[in-house]
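Asker: The lines below spell out each chain.
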Amino acid sequence: MKRIAMLLIVLLSMISIDMEIHGSANYQTYEDIEMVTGKLLEDFTDKEYISYYDKVDKRLFMGWRVHKVNEHVKATYVTETMFSYYNDGYTPIEYKYTLSRKETSKLGLSATGSIALSSSKGGDKLFKNNLDSSLKLSADYQVTTEDKETYEITLEVDPGTQVDLYTYGEGKVTNGVAARYVLFVRLERGGFEVFLVTTQYQRLEKKRI
Amino acid sequence: MKTWMFYVVSLVLITGMGIIIYFDKPEVPKQLLSIRREYALISEEDETIDISLYLNVFDHDIIDSAKHISAYLSNASSSKKIEVILKNIQKGQRESYLEMIWTEWVFIYELSLFGYDYEIEECYLNLTLESGDEYRILIGKLYISNLDEQTDHLDWHDLSAKKRVDSLFSRIDQIDIGYISLDVPIEKVSVGTGIECTFEIDEQSIKINIPDDHYLLNRVPIILSFEDGSVQLIQNFTYFIEHQLLKESGMLVTTYALH
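Taken in sequence, the protein lines are chains A and B.
Per the numbering used here, the very first residue in the first sequence carries number 1; after that it's consecutive.
Per the numbering used here, the very first residue in the second sequence carries number 1; after that it's consecutive.
Simulated from the structure, these hints should not be mistaken for laboratory data.
Among the clues, some could well be false.
Facing chain B, according to a computed beta carbon distance under 7 angstroms, are these residues of chain A, among others [what the hints assert, rightly or not]:
id, residue
1, N87
2, K106
3, V197
4, Y201
If you want a taste of the chain A side facing chain B, the calculated C-beta under 8 angstroms gives, among others [unchecked claim]:
id, residue
5, T76
6, L155
7, Q202
8, K207
Where is the CB? At the ideal position from N, CA and C, for every residue including glycine.
Let's have the full structure, built from the sequences with the hints guiding it.
Answerer: Structure (structure tokens):
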């Protein structure tokens, strides 16, 4: 029995490394996020947590028990100003703005309770203990930390004019609660949330100062 | 001793299985995807055409700028043809599509200056690589507008756009220009795609309606023609960026096998 258990542990640990999601979008700092239906993890009440925990409290031999409260729910968001530029000269300037950032910025993760996030070498967050695999998220969420995306914006800025670029957009939210068991013993329990940006709109504003 | 043997044999078997699974994967054919898009450009110095192509592999001559010999844009019959110079190839975002991971590569080409408006209805990017391989890739529609003297009758304050909600494709539906003052009435509006757009003006904003079409459109200039015959250009601006473009553009995607 002991041998079989050991073998199962080895097998499970090998199987559960097939999917890893990395998130670096600090979506909690967005000025505003509104979901079409449901709530963000930060708005779950204690009473709600208690009722959701009921769904994951049934003991499990090994692994994560997951209850999704919201799955791929559409959301809209507004971020802070992406850049500001002021031309204090006397002639118009052709201003070229280059934004270069990691591709993973389109994905944000958060967790509550004893579910932990760890940091990858690239500084991105990921769920500890392979919660990612148990969430069974689609491949859209599977991104690496190596790639970068670059946006270039070229515009003419008149003297005494400030230009601001704002971003807002649409995304999908998946959240809920999960608990991890090893040999029927619960080791972790808490809330999880994944925020995926699907469309990013850009709004350009200029004002004379 | 027996216990240790059990563990060692199990470990060897599991490792063996892992190796077999890893090496038994069917070889994925090297492919390239293009998405039909409308390119609205202005004939001016430093103007570039940025063409996004998607590859399911990381190692191919086509994404090594040093391996490119020449390139031109043309229509199907090559009766219309423009030479372009490769400036850079930039790695873009990654997306999953048809159970594969695709990486976007943005091919940035310098354009020659035109003294007139130019249009290629069905535009192909033709590439020749050092290896002798040639590719002919459908990219969409190309418009190059040539503008003479420009005015600034419209003092605009902000620019934003909405995506077409009822469309299957990622395409601008309406551009909203907030403005401070408008000195001369506007006669017509274009976004450099060869078609005149309808527009509505109220006290503080101009709403430009972009006709629907089976092409992506997220980056356009705005060309305002005034009743006094003058023209004002609001430069090319990217109104939105899609992170799941392939998935949303299925019907506009063309697949090519890479040599």
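Asker: Mind checking the CB of A/L155 against every CB in chain B and telling me if the closest is under 8 angstroms?
Answerer: 6 angstroms, holds
Asker: Let me know if the C-beta of A/Q202 comes in closer than 8 angstroms to any C-beta of chain B, holds or violated.
Answerer: 6 angstroms, holds
Asker: Given A/K207 was flagged as interface, is its beta-carbon under 8 angstroms from a beta-carbon of chain B?
Answerer: 7 angstroms, holds
Asker: Identify whether the interface hint at A/T76 stands, where standing means a beta carbon of chain B within less than 8 angstroms of its own.
Answerer: Given a least distance of 12 angstroms, the restraint on A/T76 is violated.
Asker: For the hint on A/K106, just tell me whether its beta-carbon gets within less than 7 angstroms of chain B.
Answerer: For A/K106, the interface hint holds, since the closest Cβ of chain B sits about 5 angstroms away, which is under 7 angstroms.
Asker: So, as I understand it, the hint says A/N87 touches chain B; can you test that by seeing if any CB pair is closer than 7 angstroms?
Answerer: 15 angstroms, violated
Asker: Does A/V197 pass the interface check with chain B, least Cβ-Cβ distance below 7 angstroms?
Answerer: 6 angstroms, holds
Asker: With 7 angstroms as the cut and Cβ atoms as the points, is A/Y201 at the interface with chain B?
Answerer: Result: holds, 5 angstroms to nearest chain B Cβ.
Of the numbered hints listed earlier, those contradicted by the structure are 1 and 5.
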